[in-house]
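Single-letter residue listing:
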Amino acid sequence: MAQESSFAASSETHTPTPTKSVDQLKQIAAQVRRDIVRMVHAVNSGHPGGSLGCADLLVALYFKVMKHHPEPFDMNGVGQDLFFLSNGHISPVFYSVLARSGYFPVGELATFRKLNSRLQGHPATHEHLPGIRVASGSLGQGLSVAIGAAQAKKLNNDDRTVFVLMGDGELEEGQIWEAAMYAPHHKVDNLIAFVDRNGQQIDGPTEKIGGLGDLRAKFEAFNWRVLETDGNNLEKLLPTIEEAQSLLGQGQPIMVLMDTQMGFGVDYMMGTHKWHGTAPNDEQLEKALQQLMVEEAGDY
Amino acid sequence: MKDFPYTESKDTRSGFGAGLQELGKTNPNVVALCADLIGSLKMDAFIKDNPERFFQVGIAEANMMGLAAGLTIGGKIPFTGTFANFSTGRVYDQIRQSIAYSGKNVKICASHAGLTLGEDGATHQILEDIGMMKMLPHMTVINPCDYNQTKAATIAIADYEGPVYLRFGRPVVPNFTPADQTFEVGKGIVLNEGTDVSIFATGHLVWKAILAGKLLADKGINAEIINIHTIKPLDAQLILESARKTRCVVTAEEHQMNGGLGDSVAQLLAREEPLPLEMVAVNDSFGESGTPDQLMEKYGLNEAAIVAAVEKVMARRK
Chain P
1 MAQESSFAAS SETHTPTPTK SVDQLKQIAA QVRRDIVRMV HAVNSGHPGG SLGCADLLVA
61 LYFKVMKHHP EPFDMNGVGQ DLFFLSNGHI SPVFYSVLAR SGYFPVGELA TFRKLNSRLQ
121 GHPATHEHLP GIRVASGSLG QGLSVAIGAA QAKKLNNDDR TVFVLMGDGE LEEGQIWEAA
181 MYAPHHKVDN LIAFVDRNGQ QIDGPTEKIG GLGDLRAKFE AFNWRVLETD GNNLEKLLPT
241 IEEAQSLLGQ GQPIMVLMDT QMGFGVDYMM GTHKWHGTAP NDEQLEKALQ QLMVEEAGDY
Chain C
1 MKDFPYTESK DTRSGFGAGL QELGKTNPNV VALCADLIGS LKMDAFIKDN PERFFQVGIA
61 EANMMGLAAG LTIGGKIPFT GTFANFSTGR VYDQIRQSIA YSGKNVKICA SHAGLTLGED
121 GATHQILEDI GMMKMLPHMT VINPCDYNQT KAATIAIADY EGPVYLRFGR PVVPNFTPAD
181 QTFEVGKGIV LNEGTDVSIF ATGHLVWKAI LAGKLLADKG INAEIINIHT IKPLDAQLIL
241 ESARKTRCVV TAEEHQMNGG LGDSVAQLLA REEPLPLEMV AVNDSFGESG TPDQLMEKYG
301 LNEAAIVAAV EKVMARRK
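Respectively, the protein sequence lines represent chains P and C. Just so we're aligned, residue 1 is where the first sequence starts under UniProt numbering, counting upward by one. Just so we're aligned, residue 1 is where the second sequence starts under UniProt numbering, counting upward by one.
In case anyone wonders, no lab produced these hints; they're calculated from the structure. Computed from a predicted structure; not experimentally measured. Only true hints are included.
Once the Cα atoms are required to be at most 27 angstroms apart in a straight line, the calculated DSSO-like pairs of lysine-lysine come out as:
#	chain 1	residue 1	chain 2	residue 2
1	P	LYS154	C	LYS25
2	P	LYS154	C	LYS48
3	P	LYS287	P	LYS274
4	C	LYS48	P	LYS187
5	P	LYS154	P	LYS67
6	C	LYS312	C	LYS298
7	C	LYS298	C	LYS219
8	P	LYS26	P	LYS236
9	C	LYS2	C	LYS245
Let the hints inform the model, and build the full structure from the sequences given.
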């Protein structure tokens, strides 16, 4: 299939460097979005909606913000910034960004969700895929793991930062609030958490299903430092992350509530929960790829 | 029947506390977490010596398991402490995904396992934990028998890479294991050599098996008694050697019959050496309030129950 071979044809990886311009990041994000729709189309399964919505954040982190060493991959990551994906179902964006930043060959994206692949439906360490530090998919567990990793950094006198991304529907899990209570109490101030506030979950809008309510007020009541931003606008997202970094080390963990659109970049996937866990067909894939073209992208 | 002299009785949880304290001195990577049960888990000494390496999590066991998984990323060796019930059933999915499937080097240390928790009753008397933990791929499951062995096991698992479930309890029991005995994960210990029946016991039932062995000796029955402190990985070689010699087997444990040591031994015998087997265990029932001794008698987990099981299995032997 032409769509699958595109991964192999596109062997370019982007070495992490703090000098990437916003335009360069946008190009990478477009490429990541093309990877996402190709990956879920190829196996007719997976979660494109949330993956597309979080592409800008993961690109910003892995190609601009984080200090990290893809090769050789070090599980302990001492001296590096770490990222944890709690809402593991958006694995396509995670895999694409890891591959494009040099953790494993881009061609391996074509094995997503297939038998004997390291790219499991949800991220796993069992197959030793570089870049993955804990399995996720069963929701609500990633914030606790990230806090533990942040506390290990403090014990190691390691001044780097731990980042974690959660879905908004995921906040319905009780463990999130156990962790939310713990982190400020223990002054875990080397942690920046993000909520992908796209307002959608599998069965419909979050406010109809779970009633998340005023997340800023909730996290502030738990004594988090809360910032809000547009997660699909790098001109706004990048300064917010910089602001979050400037607040580190002040006794509070940082929570960034990030407004996003599920399916961002593909018009027919936006503004609905319909594409949470549905793959596009051949015709829909072509339409999506056309919308995700930007000049100078390099792989087409 | 060999004699097993002991000078004092102690609780196995105190053995855990002593082992953890020693690890605090010898292994800088060891960290400890507790869910609001420091006194019950005997973690005070470690905390006093290493306040910066202890994390009070509060009554939030799911978060504790996730924190522990995260602490391994950076090279720490986390020991979590709470009751066995809250260490397993309450947090099964956290252990499954964030620890076992993720291959994290977390030591899940569980006190107040089984009926001998006593008066608190069935809400806290977990009898399914060995089964739940042994079903998880790559999880090691250890149930030591007394203070010295629990201390030795606690120290040993710090150097044993991978997730471990360490189960111990609340009551004071005879402390007969030599204090200098090395703990080898996965290696059973022959306490008494015999020819008539093999008794494989774990945890608090090891001492009951010794008591039963004396009663059996009085009846002219020479029982081989083996302490299977590690239920997974099971010491298949030792179990099969003994069973092939005696031709009949009794297992004894403070756990449900489903999923426990007896279940593991039954699987092994069925595959390798089908022989008569009787299991001394709780038979598909919850516990209740009472003193430990009352409960062990009522639910058939004492020396009399082991003797009865031996007589039954020997009658079945061909």
